[in-house]
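So the sequence lines, in the order shown, correspond to chains A and B.
Following this note's numbering, the numbering of the first sequence begins with 11 at its first residue and continues without gaps.
Following this note's numbering, the numbering of the second sequence begins with 76 at its first residue and continues without gaps.
Heads up, some of the hints might be wrong.
[As the list claims (entries may be wrong)] Cut-off 20 Å, straight-line C-alpha distance, at most; resulting in silico cross-link-like pairs (SDA-like, lysine to any residue):
| # | chain 1 | residue 1 | chain 2 | residue 2 |
| --- | --- | --- | --- | --- |
| 1 | B | K249 | B | G204 |
| 2 | A | K499 | B | N306 |
| 3 | A | K436 | B | K211 |
| 4 | A | K436 | B | P156 |
| 5 | B | K123 | A | K141 |
| 6 | B | K184 | A | S194 |
| 7 | A | K299 | A | K504 |
| 8 | B | K239 | A | P421 |
| 9 | A | K213 | B | Y305 |
| 10 | A | K141 | A | A435 |
| 11 | B | K287 | B | G318 |
| 12 | B | K111 | A | G455 |
| 13 | A | K174 | A | G145 |
| 14 | A | K504 | B | N306 |
| 15 | B | K287 | A | T437 |
| 16 | B | K249 | B | D300 |
| 17 | A | K436 | B | N306 |
| 18 | A | K203 | B | T107 |
| 19 | A | K142 | A | A435 |
| 20 | A | K164 | A | I178 |
| 21 | A | K536 | A | A435 |
| 22 | A | K274 | B | L112 |
| 23 | A | K288 | A | K536 |
| 24 | A | K203 | B | K123 |
| 25 | B | K184 | A | D466 |
| 26 | B | K304 | A | D368 |
| 27 | B | K287 | B | L154 |
| 28 | B | K287 | A | A435 |
| 29 | B | K111 | A | N277 |
| 30 | A | K203 | B | D300 |
| 31 | B | K123 | A | Y62 |
| 32 | A | K504 | B | L112 |
| 33 | A | K436 | B | Y305 |
| 34 | B | K111 | A | P50 |
| 35 | A | K369 | B | E303 |
| 36 | B | K287 | A | I414 |
I should point out that these hints are in silico values taken from the structure, not numbers from a laboratory.
Residue-level listing of the chains:
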Amino acid sequence: MAKLLPRKDVVIVGLGWTGSILAHELTDAGLDVVAIERGPWRDTATDFNIGYMPDELRYAIRRELFLQPAQEAITMRNDMTQTALPMRDYGSFLPGAGVGGAGVHWNGFTWRYFASDFVLKTHLTQRYGAKKFDGLTIQDWGVTWDEIEHCFDKFEYLAGTSGKAGVIKGVVQPGGNPFEGSRSREYPNPPLKQPYSSSLFAKAATEFGLHPFPSPAGNLSRPYVNTLGVAMGECTYCGYCERFGCANYSKSAPQTTILPVLIKKQNFSVRTECEVLKVNLHPDGKSAKSVTYIDTSGNEYEQPADLVILAGYGLMNVRMMLLSAIGKPYDPSTNQGVVGRNYCYQTGGGGASMIFDDKRFNSFMGAGALSTAAHDFNSDMDHSKLDFVGGCSIGSGESNGRPIQGRPTPPGTPRWGAQWKEATAKTYGHVMSIGGSGSSYAQRGNYLDLDPTYTDNFGRPLLRITFDFPDNDIRMQNWVGEQCVKIAKTLNPKILTAGKARKGWNSVTYQTTHNTGGAIMGADPKTSAVNRYLQNWDVSNVFVMGACAFPQNAAMNPTGTVAALAYWAADAITTRYLKNPGPLVPA
Amino acid sequence: MRDSQSVKLCRRRFLASVAALPVLTAGSFAHTVSGKLPWSPFAGDPPKPINPLGWYFLSPNEVATVEAIVDRLIPADHLSPGGKDSGCAVFIDRQLAGSFGNSSHLYTKGPFMPGLPTQGYQGELTPSGRYRLGLKALEDHVRAANAGKTFAQLAPAQQDVLLKDMEDGKLTLKLAPGFSTRQFFELLLQNTMEGFFADPLYGGNRDMVSWKMIGFPGARYDYRDYVEKYNQPYPFGPVSIMGGALGWTVKG
Numbered sequence: 011m012a013k014l015l016p017r018k019d020v021v022i023v024g025l026g027w028t029g030s031i032l033a034h035e036l037t038d039a040g041l042d043v044v045a046i047e048r049g050p051w052r053d054t055a056t057d058f059n060i061g062y063m064p065d066e067l068r069y070a071i072r073r074e075l076f077l078q079p080a081q082e083a084i085t086m087r088n089d090m091t092q093t094a095l096p097m098r099d100y101g102s103f104l105p106g107a108g109v110g111g112a113g114v115h116w117n118g119f120t121w122r123y124f125a126s127d128f129v130l131k132t133h134l135t136q137r138y139g140a141k142k143f144d145g146l147t148i149q150d151w152g153v154t155w156d157e158i159e160h161c162f163d164k165f166e167y168l169a170g171t172s173g174k175a176g177v178i179k180g181v182v183q184p185g186g187n188p189f190e191g192s193r194s195r196e197y198p199n200p201p202l203k204q205p206y207s208s209s210l211f212a213k214a215a216t217e218f219g220l221h222p223f224p225s226p227a228g229n230l231s232r233p234y235v236n237t238l239g240v241a242m243g244e245c246t247y248c249g250y251c252e253r254f255g256c257a258n259y260s261k262s263a264p265q266t267t268i269l270p271v272l273i274k275k276q277n278f279s280v281r282t283e284c285e286v287l288k289v290n291l292h293p294d295g296k297s298a299k300s301v302t303y304i305d306t307s308g309n310e311y312e313q314p315a316d317l318v319i320l321a322g323y324g325l326m327n328v329r330m331m332l333l334s335a336i337g338k339p340y341d342p343s344t345n346q347g348v349v350g351r352n353y354c355y356q357t358g359g360g361g362a363s364m365i366f367d368d369k370r371f372n373s374f375m376g377a378g379a380l381s382t383a384a385h386d387f388n389s390d391m392d393h394s395k396l397d398f399v400g401g402c403s404i405g406s407g408e409s410n411g412r413p414i415q416g417r418p419t420p421p422g423t424p425r426w427g428a429q430w431k432e433a434t435a436k437t438y439g440h441v442m443s444i445g446g447s448g449s450s451y452a453q454r455g456n457y458l459d460l461d462p463t464y465t466d467n468f469g470r471p472l473l474r475i476t477f478d479f480p481d482n483d484i485r486m487q488n489w490v491g492e493q494c495v496k497i498a499k500t501l502n503p504k505i506l507t508a509g510k511a512r513k514g515w516n517s518v519t520y521q522t523t524h525n526t527g528g529a530i531m532g533a534d535p536k537t538s539a540v541n542r543y544l545q546n547w548d549v550s551n552v553f554v555m556g557a558c559a560f561p562q563n564a565a566m567n568p569t570g571t572v573a574a575l576a577y578w579a580a581d582a583i584t585t586r587y588l589k590n591p592g593p594l595v596p597a
Numbered sequence: 076m077r078d079s080q081s082v083k084l085c086r087r088r089f090l091a092s093v094a095a096l097p098v099l100t101a102g103s104f105a106h107t108v109s110g111k112l113p114w115s116p117f118a119g120d121p122p123k124p125i126n127p128l129g130w131y132f133l134s135p136n137e138v139a140t141v142e143a144i145v146d147r148l149i150p151a152d153h154l155s156p157g158g159k160d161s162g163c164a165v166f167i168d169r170q171l172a173g174s175f176g177n178s179s180h181l182y183t184k185g186p187f188m189p190g191l192p193t194q195g196y197q198g199e200l201t202p203s204g205r206y207r208l209g210l211k212a213l214e215d216h217v218r219a220a221n222a223g224k225t226f227a228q229l230a231p232a233q234q235d236v237l238l239k240d241m242e243d244g245k246l247t248l249k250l251a252p253g254f255s256t257r258q259f260f261e262l263l264l265q266n267t268m269e270g271f272f273a274d275p276l277y278g279g280n281r282d283m284v285s286w287k288m289i290g291f292p293g294a295r296y297d298y299r300d301y302v303e304k305y306n307q308p309y310p311f312g313p314v315s316i317m318g319g320a321l322g323w324t325v326k327g
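Isolated chain B (complex conformation) (with noise of 0.2 Å):
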C-alpha cells in the first residue's frame, strides 16, 4: 500500500522546487492501488501563501522596470490600485522562480524551428529565460534613445508610448530566435493579468482589488439559493482561499 503522507511530502518538495526536474524522474511514486480506497487525513496539497517580502528572481534593476510596466498596464485610478501595488510584480517574480519559470512542464526538446502562428511559441527560452533577455534588451533601447534614462524613469505617456508599440510590433527589440518583441509583449501582459485577477496568495491581487472592482465573489463555494434571483446582484464580497481580506496580508 502506498503511504500517503510520504508520498504527498515528496510532491510538494517537488512542487516547491526551483530545480527543473524532469517530470518522470522526480522521484518514485509508482505504486499499485487494490482492495480498498488509498485515503489517509491530511494528505492533501494546499498551497502555501507567498512570503511577499523580497524577490526571488528579478534583480532590482529588473524589479524597478517590470513595476513600472505593470503599473501602466494596470494603472492606479479611483477603481483600483495600480498593478504594483496590486503585488503584480511580486506575483510575476514569484512565478519565475517557480516551475512556470522553467518550463518544468512543457514540451522543450529540440530541435527548435520557426513556426506558424497556428502552431505557437517555438523558441528555446523558458519564461524566466524571456524576461531577463526582454528585460534587457527593453532597457538597452531606453537607454539608448532617451540619454541614459531607464524605463522606469520616463514619463508615463511616454511608457505607454513604448508599450503600445511593443503591442503593436512597431517595436522590434534584439532578441532571440522564436521570441519576438511582440511576443515579449503578450508574456508581460498575460502574467500581469493573471497577478491582478488570482487568488492574492500568490501575492497579486493584493487585498481582492481585482474582485472587488468587477464583483467576483472569489472562492466562495455555494450560490443554490442565487441562481434564480434574476437581474439582482450577489450581495455578499469576494473570499479567498486564505479566507477574508483582514487578518493575513503582511502591511507596509
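Chain A extracted, bound-state conformation (with noise of 0.2 Å):
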C-alpha cells in the first residue's frame, strides 16, 4: 500500500530540460512543486568531473550518464504486420535519465523551428494543394511563430545560446540565416570559432548558391551570465560533448543554467532516484488527483498535487498517458484516438563523405554543435518541381574525433588486418562529410502504444514504436544528398562517397535522439492529444512537455523548439490557468 504524502500544488515527472524550465516558472509564481526524478542526482563538479570526464569507453561507448534498458526498455517493429521485440540496448537513439535529462550530454544544437513549420498543413495546402502531401497525416501545431518568438528568445538567453542571428525584426542580417523566423533581437554570444570543415564548407556552399551561417550552439563562444545570474564558462572545443556531461560549465544544461537558482529555493525540492508508476486520476476522469512513485528500496508512495507536469523524455511521457488513461489510445485500423498518433523520427542518410590527401581535419577540436549550415533545402524550399515535401537542413564541421566511434576508411577497406590499420592511419584526419537533419513527416501506419508482451520491472507494459520512413521522406533526403555531393565534388576530394537513405528503420545503428509525436498539440481534440497550451483535452490539470508535442518532426534538432514550448506552457499556466484552473481551451 502507497504511503500517502502531504499535498503539493505541483508534482513534476522527470526533471531535465523541461521539468526544470516548468519548476522554476511554478515556483517563481509562488506555487509548492515537487520533482520525482527516476534517475540520480548530478552536478557539474562532482559527475562531469574534468579529471575523467573524457572518457569514450565509459560515456560514449557503455553511456553511464543514459537510460539503460534494464530500467526502462521499448519494443520496435517497422510495421504492423511485424512483431515487435525489445531493444535489448538502446542503439538508433539514446534517451536521458538523472538531473539534467538529455540536456546533460547533448550536442547543444539549439534551433527554432521555421515559421512555416507550425502551420504547415495550412502552408503547404496554400502553396501547392493538400494533394501535394496526400498520405502524410501533416497538422498544423495550433500555435504560430509569432506567439511563440518569445519563448524561444528566453530560452536562448538562459542557455547562452553562441550564434547570428539572420533575421532581426524583419531585416536579413548578413552572415545568419536569411530563412529563419523573424527574431526579436541578435544571441546573446556570437558564433563559435568554426573550424577548417566548416570554413570550406561555407566557401562551397556560397559558390554554390546557398546562403552557410555558423549553426546556434548551446557551446558557449564566451564567459556568459545568464538571465537568472548564473555564471557560464567558454567551450574549450575539447571534443566531449555529446553523451558527456560538460565539465567546462560551457554547454547550456540544465545545470549549467537553472538547477543552482531553482534548487535554493524553499519552494522547490526533488526526489530523485524515484520512480513514477502513474497518475491517478479521479473517479470522473476529467482531473488528475496525485502520482504513485516507487523510491530503489521499493516503497511506494503517493503524491497528492493540485498539477501535474509531465516532463520525462517524450517517448516516456506518451508511455505516462498510457499507463494512466490519459487521453484514448490511437487505434491506426480506425484511424480514432489520439495518444501515441503522428510519431515521427528524423530522417537521416543522405549526404557526402570526403577524403582528402592534401587537407588535415583536427576533427578531435569539436564542440558539439560546431558547424556551419545551410538551410536552401530546408522545409520551406521550392518544392513545386520536386516530388517530396520537407526539407533536410545541411552543414558540415566538427563535433569530436574520438576513435572507437570515428575512424574512417575508403569504401572496401576491410575491417580488420593489415590493410585496415594502414588506412585507418592514413584516412585518420583526413576526413569531412555533409549532411544533415532531414524533416520527417507523420504518416498512418507510424505510432506509439503500449506492448502486448513485454514487460519492465514493475510489470507494466512497454512503450511500442511502429514505425518506419515515409516514402516521402526517403526521396527528400536522397535528392538532397545529391546536391550535397554536387557541393562536394567541388571541393576536389580524393575519394567521393554518397549516402543514401533507405527504407527499414533501423533500432541498432545511432541516428538521432530526435524522437517526436504521440501526445501532439493541435487545435482539434479528435486530432491532437494536447491543446496548444500543451494542457490535455480530457484531464486538464495535466499538461504534458516534449518533442512529443509535435505533429510532424522539422529538418532542425528539436530541442530549442522543446524549450519554447515549455516556456509558452509555463507562461499559460502562470498567467491563465491559476486564475481559473480547468481547460484553457474548449473542446
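Join these two chains into a complex; the hints should help.
See below:
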C-alpha cells in the first residue's frame, strides 16, 4: 500500500530541460513544487569531473549517463505486420536519465523551427494544394511563430546560445540564416570559432548559391552570465560533448543554467531515484489527483497535487499517459484516438563523405554544435518541381574525433587486419562530410502504443514503436543528398562517397535522439492529445512537455523548440490557468 | 540531506561488483534535494585503472584463443604493436568480468524470439556467455578440422581465413538460438577495437599506441588556440586520463 504524502501544488515527473523550466517558472509564481526523477542527482563538479570525463569507453560506448534498458526498454517493429521485440540495448536513439535528462549529454544545437513549420498543413495546402502531401498526416501545431517567438528568445538568453541572427525584426542580417523566422534580437553570444571543414563548406556552399551560417550552439563562445545570474564558461573545443556532461560549465544544460537557482528555492524539492508508476485520476477521469512512485528500496508513495506536469523524455510521457488512461489511445486501424498518433523521427542517410590527401582536419578539436549550416534545402524551399515535401538542413563541422566510434576508411577497405590498419592510420584526420537533419512527416502506420507482451520491472507494459521512414521522406533525403554530393565535388576530394537514405528503420545503429509525436498539440481534440498550451484535452490539470507535442518533425534538432514550448506552457499556466483552473481551450 | 560520501561509496562498490544486480534494487539511493546544492568535496567517481596481471574471466585456453584472435584483427607491424601486446585480450577479460559481460544494464526479460535485423540482438546469452560458448565452438571446429590443433596453433594465414569466414557468414559454428557465428565475430571485433582505442586505463591501448598511430591527442582539454589553424597538424602527442605515457604502465 502506498504511503500517502502531504499535498503539493505541483508535481513534475522528470527533471530535465522541461521539468527544470516549469519548476523554475511555477515556483516563481509562488507554487509549492516537487519534482520526481527516476535517475540520480548530477552536478558538474562531481559527476562531469574534468579529471575523468574525457573517457570515450565509459561515457560514449557504455553510456553511463544514459537511461539503461534494464530500467526502461522500448519495443520496436517497422510495420503492423511484424511482431515488436524489445530493443535489448538502445542504439538508434539514446534517452537520458537523471537530473538534467538528455540536456546533460546533448550536442547543443539550439534551433528555432521555421515560422512555416508551425502551420505546416495550412502552409503546404496554400502553396501546393493538399494533394502534394497525400498519404501524410501533416497537421498545424495550434501555435504560431509570432506567439512563441518570445519563448525562443527567453530560452536562448537562459542557455547562452552562440550564433548569428539571420533576421531581426524583419531585416535580413549578413552572416546569419536568411530563412529563419524574424527574431526580436541577436543571439546572446557570438558564434563559435569555425573549424577548417566548416570554412571549406561555407566557401563551397556560397559558390553553389547557398546561404551558409554558423549553427546556433549551446556551446558557449565566451564567458556568460545568464538571465538567472548563473555564470557559464567558455567552450574549449575539447571534443567530449554529446554523450558526456560538460566539465567546463560551457554547455547549456539544466545544471549550468537553472538548477543552481532552482535548488535554493524553499518551495522546490526534487526526489531523485524515485520512479513514477502512474498518474492517478479522480473517478470522473477529468482531473488527476496524484502520482504513485516507488523509491529504490521498493517503498511506494502517493503524492497528491493540484497540477501534474509530465516532463520526461517525450516517448516516456506518451507511455505515462497510456499507463494512466489520460487521453484516448490512438488506433491506426480506425484512425481514431489521439495518444500515440503522429509518431515521427528525423530522416538522415543522404549526404557526402570526402577523403583528402592534401587536407588535414583536426576533428578532435570539436564542440557538439560546432558547424556551419545552410537551410536553402530546408522544409520551406520550393517543392513545386519536386516529388516530395519537407527538407533537410545541411552543414559541415567538427563535433569530435573520438576513435572507438569515428575512424573512417575508404570504401572497400577490410574492417580488420594489416590493410585496415594502414588505411585507418592514413585516413584519420583527412575526412570531412556534408549532411544534416531531415524532416520527418507523419503517416498513418507510424504510431506508439503499449506492447502486448513485454513488461518492465514493475510489470507495466513497455512502450511499442511502430515506425518506418515514409517514402516521401526517403525521396526528400536522397534529393538533398545529391545536392550535397554536387557541393562536395567542388572541393575536389580524392574519394567521394554518397550516402543513401533507405527504408527499414534500424534500431541498432545510432541515428538521432529526436523522437517526436505521440502526444501532439493542436486545435482539434479529435486529432491532438494536448491543446495549444500542452494541456491534455480530457484531464485538464495534466500538462505534457517534450517533443511528443510536435505534430511532425522539422528539419532541425528539436531542443530549442521543446524548450520554447515549455516556456509557452508555463506562461499559460501562470497567467491564465492559475486564475481559473480548467480547460484553457474549450474542447 | 544526502550523505554524498556514503552514496558514492555505495555506488562505486555496486559498479565494481561482478554480480548481476538488478539496477533498481542495488541499494537505497533515493533522497530529497532541496534548499542547497548537495555537493561535497571528493565525491566524484573516478575510474580505477585495471591491474594488468592475471585473468578474471577467461580460462588459460580461452586466453590463448583470444590473444591469437586480437593479434590477427590488429596485427603487429611498423604502425603499432599487435592486439595482444596492446592489451586487447586483457581489456576483453576485464570487460567480460564486469557489468558489460553480465548484461546488467540491458533488457534481459523474455520471451526470447527470433528477431529481424532491424531489431538487434535477441539472444538470451550475456556477452560473457557468448564468449564462453563462441570460443568453445570455435576451438571444437578448429580441432576437428585440423587434426587436434588449436586456433592459436594455426598459421596466421589460416587464422585469417577462419575469421573472414566467420565475418562473411561462411562458417557456421554450433552456437545458440539468436546468436549467430557472424554475431560472435562482430562481438569480437567490437570489443577488440574498443580495447585498442579506449583510454589505456581499461587495459588495452597500452602506452596509447593506437592514439599515436592515428594522431589522436586523447584526454586533452583545451584547443581554443588551435581551432582556427587550418590544415595544420596539432603539435602535441596524446595524454590519457591517468597522465602521460610513463610512470603508470606496468612493465613486463
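Results for each hint:
1. K249(B) to G204(B): 14 Å, holds
2. K499(A) to N306(B): Given that 20 Å is the threshold and the Cα spacing comes to 19 Å, the pair holds.
3. K436(A) to K211(B): Distance of about 36 Å is beyond 20 Å: violated.
4. K436(A) to P156(B): With Cα atoms ~17 Å apart, K436(A) and P156(B) stay inside 20 Å; holds.
5. K123(B) to K141(A): 61 Å, violated
6. K184(B) to S194(A): Violated, because 52 Å separates the two Cα atoms, which is more than 20 Å.
7. K299(A) to K504(A): 64 Å, violated
8. K239(B) to P421(A): 18 Å, holds
9. K213(A) to Y305(B): 14 Å, holds
10. K141(A) to A435(A): 52 Å, violated
11. K287(B) to G318(B): 15 Å, holds
12. K111(B) to G455(A): This hinted pair is violated, its Cα atoms lying about 48 Å apart.
13. K174(A) to G145(A): 37 Å, violated
14. K504(A) to N306(B): Judged against 20 Å, a Cα distance of about 16 Å means the pair holds.
15. K287(B) to T437(A): At roughly 14 Å apart (the allowed maximum being 20 Å), T437(A) and K287(B) satisfy the hint.
16. K249(B) to D300(B): 56 Å, violated
17. K436(A) to N306(B): Roughly 15 Å between the alpha carbons, so the hint for K436(A) and N306(B) holds.
18. K203(A) to T107(B): 41 Å, violated
19. K142(A) to A435(A): Between K142(A) and A435(A) the Cα gap is close to 49 Å, so the pair fails against 20 Å, i.e. violated.
20. K164(A) to I178(A): 15 Å, holds
21. K536(A) to A435(A): 58 Å, violated
22. K274(A) to L112(B): 7 Å, holds
23. K288(A) to K536(A): Given pair K288(A), K536(A) is violated - Cα atoms ~24 Å apart, limit 20 Å.
24. K203(A) to K123(B): Since the Cα atoms of K203(A) and K123(B) sit roughly 36 Å apart, the hinted pair is violated (cutoff 20 Å).
25. K184(B) to D466(A): Between K184(B) and D466(A) the Cα gap is close to 8 Å, so the pair holds against 20 Å.
26. K304(B) to D368(A): 15 Å, holds
27. K287(B) to L154(B): Holds. K287(B) to L154(B) sits at ~9 Å (cutoff 20 Å).
28. K287(B) to A435(A): Cα-Cα ~9 Å, so holds.
29. K111(B) to N277(A): 12 Å, holds
30. K203(A) to D300(B): 10 Å, holds
31. K123(B) to Y62(A): 10 Å, holds
32. K504(A) to L112(B): Between K504(A) and L112(B) the Cα gap is close to 53 Å, so the pair fails against 20 Å, i.e. violated.
33. K436(A) to Y305(B): Since the Cα atoms of K436(A) and Y305(B) sit roughly 19 Å apart, the hinted pair holds (cutoff 20 Å).
34. K111(B) to P50(A): 16 Å, holds
35. K369(A) to E303(B): Given that 20 Å is the threshold and the Cα spacing comes to 14 Å, the pair holds.
36. K287(B) to I414(A): Within the cut-off at roughly 14 Å; holds.
Against the hints set out earlier in the document, violations occur for numbers 3, 5, 6, 7, 10, 12, 13, 16, 18, 19, 21, 23, 24 and 32.
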